[in-house]
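Sequences are here, hints too, so could you generate the full structure?
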Amino acid sequence: MAIELTDELIKLEEAAIAEHTKVLAIQAGHGRPADGDGWTDAQHTAWQQQWDAWRTAAEAVQAAITAHAEATEQSRYEVERELKRKVRHPEPEGE
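As numbered in UniProt numbering, residues 1 to 95 make up the sequence shown, in order.
There may be inaccurate statements among the hints.
As the list claims (entries may be wrong) - Distance windows between CB atoms, simulated:
1) Glu70 with Pro92: 39 to 45 Å
2) Pro90 with Gln48: 43 to 49 Å
3) Asp52 with Lys84: 20 to 26 Å
4) His44 with Ile10: 31 to 37 Å
5) Thr40 with Glu78: 40 to 46 Å
6) His30 with Pro92: 35 to 41 Å
7) Ala71 with Ala25: 18 to 24 Å
8) Ala60 with Asp35: 30 to 36 Å
9) Thr56 with Glu4: 24 to 30 Å
10) Thr72 with His44: 20 to 26 Å
11) Arg85 with Ala63: 41 to 47 Å
12) Trp51 with Ala71: 29 to 35 Å
Unchecked claim - Each computed DSS-like pair below joins lysine-lysine, with the alpha-carbon atoms no more than 25 Å apart:
13) Lys11 with Lys86
14) Lys84 with Lys11
15) Lys22 with Lys86
16) Lys22 with Lys11
17) Lys84 with Lys22
Since the hints were made in silico from the structure, they are not lab data. Each residue gets a CB set at the ideal place from its N, CA and C atoms; glycine is no exception.
What follows is the structure in structure tokens.
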């Protein structure tokens, strides 16, 4: 049986990935917190705000996966696996 995904699930997963990418960019820009004199308060605040945004987005997609799996009587694990595969490793157009 093919796993059914909604556009909403895909959008939520894409949003979580985008927020995580921003966390990684901040970390790359600031360097390791333990290097040198460490991060300034402003740097840490910026990182924490972005971390919180990522966590909120990740929580939203996880809740949506659970709700979708229950509503469609599909395996939650299979729904999450297919969602991550589709968003992170999409098949080329035309296939």
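Hints numbered earlier in the text: which of these fail when held up against the supplied structure? 1, 2, 7, 10 and 11
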